[in-house]
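Please arrange chain B on chain A, whose structure you already have, making use of the hints.
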Amino acid sequence: MPSEAPIRLSEVTYRVGGATLVRDLSFDVGKAETVVLLGRSGSGKTTALRLVNHVLMPSAGEVVVEGRRTADWDPIRLRRRIGYVIQEVGLFPHFTVARNISLLPSLEGWETARVDARTRELLDKVGLPDDVLSRYPHQLSGGQRQRVGVARALAADPPILLMDEPFGALDPITRAEIQREFLAIQETLGKSILFVTHDLREALLLGDRIGFMDRGRLVWMGRPQEFRTGSDPRIAAFRESLS
Amino acid sequence: MTFSEIFDQYQPQLVARIGEHFWLVGVAMLIAAAIAVPAGILLTRQPKIERWVLGFTNAVQTIPSLALFGFLIPLPVIGGIGPRSAIVALVLYALLPIVRNTYTGIKEVDPAVREAALAMGMTDGQILRMVELPLAARTIMAGLRVATVTGVGVATVATLIGAGGLGDFIYRGLQTVNSNLILLGAVPAALMALGADFGLGLIERKLVKGRVS
Numbered sequence: 000m001p002s003e004a005p006i007r008l009s010e011v012t013y014r015v016g017g018a019t020l021v022r023d024l025s026f027d028v029g030k031a032e033t034v035v036l037l038g039r040s041g042s043g044k045t046t047a048l049r050l051v052n053h054v055l056m057p058s059a060g061e062v063v064v065e066g067r068r069t070a071d072w073d074p075i076r077l078r079r080r081i082g083y084v085i086q087e088v089g090l091f092p093h094f095t096v097a098r099n100i101s102l103l104p105s106l107e108g109w110e111t112a113r114v115d116a117r118t119r120e121l122l123d124k125v126g127l128p129d130d131v132l133s134r135y136p137h138q139l140s141g142g143q144r145q146r147v148g149v150a151r152a153l154a155a156d157p158p159i160l161l162m163d164e165p166f167g168a169l170d171p172i173t174r175a176e177i178q179r180e181f182l183a184i185q186e187t188l189g190k191s192i193l194f195v196t197h198d199l200r201e202a203l204l205l206g207d208r209i210g211f212m213d214r215g216r217l218v219w220m221g222r223p224q225e226f227r228t229g230s231d232p233r234i235a236a237f238r239e240s241l242s
Numbered sequence: 000m001t002f003s004e005i006f007d008q009y010q011p012q013l014v015a016r017i018g019e020h021f022w023l024v025g026v027a028m029l030i031a032a033a034i035a036v037p038a039g040i041l042l043t044r045q046p047k048i049e050r051w052v053l054g055f056t057n058a059v060q061t062i063p064s065l066a067l068f069g070f071l072i073p074l075p076v077i078g079g080i081g082p083r084s085a086i087v088a089l090v091l092y093a094l095l096p097i098v099r100n101t102y103t104g105i106k107e108v109d110p111a112v113r114e115a116a117l118a119m120g121m122t123d124g125q126i127l128r129m130v131e132l133p134l135a136a137r138t139i140m141a142g143l144r145v146a147t148v149t150g151v152g153v154a155t156v157a158t159l160i161g162a163g164g165l166g167d168f169i170y171r172g173l174q175t176v177n178s179n180l181i182l183l184g185a186v187p188a189a190l191m192a193l194g195a196d197f198g199l200g201l202i203e204r205k206l207v208k209g210r211v212s
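Going line by line, the protein sequences match chains A and B.
Numbering follows numbering that gives the first Met the number 0, in which position 100 of the first sequence is assigned residue number 99; successive positions increment by one, without gaps.
Numbering follows numbering that gives the first Met the number 0, in which position 194 of the second sequence is assigned residue number 193; successive positions increment by one, without gaps.
Among the clues, some could well be false.
Only part of the chain A face toward chain B is listed, based on derived beta-carbon distances under 7 Å [to be verified]:
| id | residue |
| --- | --- |
| 1 | ASN52 |
| 2 | MET56 |
| 3 | ARG78 |
| 4 | TYR83 |
| 5 | GLU87 |
| 6 | GLY89 |
| 7 | HIS93 |
| 8 | LEU103 |
| 9 | ARG227 |
Here are the simulated distance ranges between beta carbons [to be verified]:
| id | chain 1 | residue 1 | chain 2 | residue 2 | range |
| --- | --- | --- | --- | --- | --- |
| 10 | B | VAL59 | A | PRO128 | 52 to 58 Å |
| 11 | A | ARG119 | B | ASP123 | 30 to 36 Å |
| 12 | A | ARG233 | B | GLY124 | 44 to 50 Å |
| 13 | B | GLY124 | A | PRO158 | 23 to 29 Å |
| 14 | B | ARG204 | A | ALA112 | 32 to 38 Å |
| 15 | A | SER40 | B | ALA189 | 54 to 60 Å |
| 16 | B | VAL207 | A | ALA168 | 22 to 28 Å |
| 17 | B | PRO37 | A | ARG233 | 38 to 44 Å |
| 18 | B | ASP123 | A | ARG179 | 26 to 32 Å |
| 19 | B | GLY198 | A | LEU188 | 49 to 55 Å |
Treat the hints as calculated values from the structure; they're not laboratory data.
Ideal placement from N, C-alpha and C gives every residue a C-beta, glycine not left out.
With the rest of the complex left out, here is chain A (with noise of 0.2 Å):
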């Protein structure tokens, strides 16, 4: 039966130097699905976004991104397919608020009026008012900064996003301001989302489903309700660590 879902992970295994970063990893994210991806730190879950976009290649199993294999792709063909936020940001400090978000479809050839209505949609899309287009990234908060983040992962208008920890550097409460208006924009714009991070709360409010991850496996997926009550040990021993 052949799936549409626009990521695919079958079997994936990822060695490097001897050490086993992920081990028979298999699951997919639906249209519009946020998947995300639970686990402590070093259990395999920033490898496995990596692996989607073909920053890494599976050392067995394969990663079908929208029917075709990660292999197959021209990675910088299946890379600006796909939106990418990390915890870091890691917006170009050289280059102004407007010009991190509009690389992209610069890049793509866009015409500059289209660029331009498209930087400023963005904006307002992630709550962030016109005047800082101007400024550079050092002269805005953390909070800002991951906004441009997302914006600019935005730009391209890409089906898919992959979310490394992507507000795990902020405030508890910038954290909640921000999370709430991302459900507010996926909710709008229904992309496919893999989401990567090591925060319970986070994973309840922002997943469809939850994949908790442990030394390189998935050891458990389902609906945020479920992990609420699921009896599996490793996975009660998480909740327990918040309680």
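Using the frame of chain A, we list chain B on its own:
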């Protein structure tokens, strides 16, 4: 003889020697930058050759300049008496600071920035041109400044292999125990070094304007 008498006597030659000196250093720095900046970039892409290239440029740096000029005289094509050998020697001395600073400058770009650039689908050439080189510009320029200031000094030795320059006055002054004649070579050389450093500093500021890092 007083300094002003020396100055009057040698004034016509002074302009010619300054010109020669400037030309030696300028040509050598252009060639050195054209070799060393790409070499530094290559090192960031091919870490395996790092030891080899930095080892070679380090080794060159340890050869005393007088000896290096001497070694070049008997060599065909790149050697011989005159400015050609001098330029080759100046280029060799300039390689290390430029290669090393280019390499370090690119290596020091925030990994998160590089990761973001890669993940958004920029090609290696785009990452280099639009991200790494602009962010490394200050460090690369610092290497060029060090190389140029050093080069102005080393070029005074070039007179010994007949390449001219301000070293002419200094060595003639040494031979005739005429300290004013030495100054006639040394002062313009020092001013040229300061001027080059200042000029390159202006370019550097232009390259990194708008960003505070």
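Using the nearest Cβ pair, does HIS93 (chain A) come within less than 7 Å of chain B?
holds, 5 Å
Between ASP123 (chain B) and ARG179 (chain A), is the Cβ distance one that fits in 26 to 32 Å?
violated, 38 Å
Restraint: ARG78 (chain A) near chain B, CB-CB cut 7 Å. Satisfied or not?
With a closest approach of 3 Å, the ARG78 (chain A) hint holds.
Assuming the hint says 22 to 28 Å, is it satisfied by the Cβ distance from VAL207 (chain B) to ALA168 (chain A) or not?
holds, 26 Å
Does the interface hint hold: is TYR83 (chain A) within less than 7 Å of chain B, judged Cβ to Cβ?
holds, 4 Å
Is 52 to 58 Å a correct range for the gap between the Cβ atoms of VAL59 (chain B) and PRO128 (chain A)?
At 55 Å between Cβs, range holds.
Report holds or violated for the interface hint on GLU87 (chain A), using the least CB-CB distance to chain B and a cut-off of 7 Å.
holds, 3 Å
Take a look at whether the Cβ-Cβ distance between PRO37 (chain B) and ARG233 (chain A) falls inside 38 to 44 Å.
violated, 52 Å
Lying within 30 to 36 Å: is that true of the beta-carbon distance ARG119 (chain A) to ASP123 (chain B)?
holds, 31 Å
Distance restraint evaluation - GLY198 (chain B), LEU188 (chain A), Cβ atoms, bounds 49 to 55 Å:
holds, 51 Å
Mind checking the CB of LEU103 (chain A) against every CB in chain B and telling me if the closest is under 7 Å?
holds, 5 Å
For the hint 23 to 29 Å, verify it against the beta carbon of GLY124 (chain B) and that of PRO158 (chain A).
holds, 26 Å
Comparing the model with each earlier hint shows violations of hints 2, 9, 17 and 18; every other hint is respected.
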